[in-house]
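Since each chain comes alone in its own frame, lean on the hints to assemble the complex.
Chains as they are written, first to last, in the working numbering: chain A, 2 to 268; chain B, 16 to 232.
Just so you know, these hints were derived from the structure itself, not from any lab. Fair warning: there could be bad hints in the mix.
Unchecked claim - The calculated lysine-lysine pairs, modelled on DSS-like cross-linking and capped at a C-alpha distance of 25 Å, are: (1) B/Lys24 - A/Lys253; (2) A/Lys253 - A/Lys178; (3) B/Lys62 - A/Lys104; (4) A/Lys239 - B/Lys62.
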Amino acid sequence: MSSVEKNSTPSQAQNDANSVADNTTHFGFQTIDKEEKISKVAGVFHSVAKQYDVMNDLMSFGIHRLWKRFTIDASGVRPGNKVLDLAGGTGDLTAKFSQLVGKEGQVVLADINSSMLNVGRDKLRDRGLVQNIEYVQANAEYLPFEENTFDIVTIAFGLRNVTDKDKALRSIFSVLKPGGRLLVLEFSKPEHEVLNKAYDFYSFNILPKMGELVAKDGESYQYLAESIRMHPNQETLKEMMDNAGFEQTSYKNLTGGIVALHKGYKF
Amino acid sequence: MFLSTRAVKLSEQLMVPQFICSVVELIINRALSLSSKPITLSVMENKTLTLELAELNFPLSITVSNNELLVNGTNSTSDCTLISSIATLRQLKAKQQLTELIKQEQLDIQGDIKVAQQFARIAEELNIDWSTEIAKHIGDVPTHKLEQLSQKAKNSLSRLFESLEADVGEFLVHEKRLAVTNSEINRFNQGVEQVNEQLSHVESRLAALESLLNNCQ
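If we strip away everything but chain B, and leave its shape as in the complex, we get (with noise of 0.2 Å):
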């Protein structure tokens, strides 16, 4: 994404890659504390995966170190670097996209893949048990009421979504071909403006005519 240099010195000042980098941080390590399958990173340790995403001007590197990840905004001793964007990184969950998104030169593979392969490793083994998590907080009672308003929101989404799919699809395969486009209804509105002038001079010839008539009575 293109950003200006005032934008970026700006940027800088206010520390928003260092602000981003400690939430990522946070996030990943307090998702790493809540997984109900201990993940091991000592296998890992001292490794880094650089992110260069096209959505931000800074990288995001992930290193492994006491067991705990770190998340900094410079890629000076990167073991692997992925450049791409968040978008391209989703597709990524389907395996047999990675060769076609770096053949379509949506996604750029620098250094080990290995480690890039650890690093995935590790976000497929997380498995959160968030009830279990949520009725630590609030209660089993609680939580198995919000467990099913949430499923119920879920799936009234998910119907949501489907309907206007189903909605836009009939629209753009059928209906499209069928509607009238908006050069038709120009055309339209010209041929009932031509009528009505054509229509104004038949009243007024004829309106000459009964005057002549008229007159010769």
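Isolated chain A (complex conformation) (with noise of 0.2 Å):
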């Protein structure tokens, strides 16, 4: 393994987002080698998965709930579907997903990460949604499924911390069915300046404390609010959807754009 290369401001890690060599990637604002970013990030959500619900409700003041409600309202998710909850963590769109589908239906919720995994399972069998609900640990980048098997695909938060996103989509878009439709909810640029510099201060100044103060881990929220700032801005990843093969793909800024829910057909 190699070490930390480089490490940057969020303006010069921002600009050298697009220039980094073909076996290099971003962990946050440090440069690193790809095969380097997966342990990496699973020590980040090794880290955080047990106290990763309430520190999102504490972190985002219970708004990702409204924002995940948005993505499964956009998603028209029908009785009978098949859904994947790609990156889904501790399975908030796939308590929902399972009740919408039905027992007709099934939701496969994956994440890479074995703790996300554990946890999310714990809390969905708590509350009794067991029928139609099956767990994969998988590596978005190469998903463990047969070509045009799923309905939906949804990635909430979690695109970010892939290695290779534009390969991620392309596995992504082999999984679904013709007609099948990838939802991406994810952190993005504000539309507004002032909200911006506002949410610079915030992410980098009281998120980090927060996690020091709550999970006892300030570093894994530095990462979070480092991957944000890494990550493609709406158009961007709009291009990037277009380019895997993803067809009619559009986004919604939410929340001034700090969150952005874009979306992409298979025909």
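Okay, structure coming up:
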């Protein structure tokens, strides 16, 4: 494993975002080897898994629930659908999808991180949601499903942690049925400069302290803030989805662009 | 209700429909869990009732799933759709109103009416023993006091409303006819002004006559 090569400021890192060498990628503002990212991201999520839901509520003031509801409303899910909740973590989307697809439908909760998957599985079982949910530990870049399997694939707050996002989008495209759609819910770029500044202040000054205080892990939340800044903006992600083969791609900004929901179809 | 495109966009970006659905879902499921008589939802599994209310620019779809009610802001898979307004839905408490409201085009039902009836049955069967629920949190004696206070407040308010209703009725039926209208007041004011003018005229004439009389003497 190679060590961290570079540690940049937010603006430098963003400028470098598209100029990294083929064998390197970003881990927050650091540039590291691609192989190293998986283990580093895994470390972050193993560390935060148990406090993940509490921290989500705290950090977003509960608004993440509305973002997820918006995603479900936009998915057009119907009874009998087969849904893949990729990077599904603690299963917020899976819980709703499971109830909406009914007995004839199926939801697969997939996550690369076993700790997150375990927390999600325990939570859903405690709620009595067992009959139509499967759990799969999977890397989004190499999805272990047959082609044309799912009606809907969602990835909520997960794509930015994926090492090779283009490869993941192509992999998702292949497992979607024709007529199926992908919904990517992810942090994005705020539309207004004032909001952007306030958001930056909150992310880099308050968020890590909250993480330190509640989850006893400030570093992971520092990574969260950095990884959000390094994630492609709305238009870039839309372009990436187009390049992966998705059609009628579009996005909607939520909460002033702090979060964006991208949607694309496979025909 | 008419909403401009900008208002709809803002409402979407602020996720107002999702917020309202969350709150409604929370309230309904909490109410169901507090019902003193258990309510069976299994016969309605996966049935969806959609309410398209004039006051909201999005539908409210209520689906039964896993012994819970899910509320969302889409109507893609509705078994029954009620198109109406909140005020009209309140009138639906009286069963004989149903036909009348449909005739008056204040209510439109699309799809399986039995689904709507099953959801109405849930609302009818809901019976919450508030005293027991509150007592669990604050104890028996404070609950009893609270109950007495709320009963007193309810009685006072009810008396106030009755008295207001009677006064308004009295005013509309009897006093309004006897009360002086604005036009009558205007006419009276004009009359007073005319008398005032005439008086000034008489005064000036009297003054002229007095001065003439003085000159003659």
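Results for each hint:
no., hint, in the structure
1, B/Lys24 - A/Lys253, "holds, 10 Å"
2, A/Lys253 - A/Lys178, "holds, 23 Å"
3, B/Lys62 - A/Lys104, "holds, 13 Å"
4, A/Lys239 - B/Lys62, "violated, 36 Å"
Violated hint: 4 only; the structure is consistent with all others.
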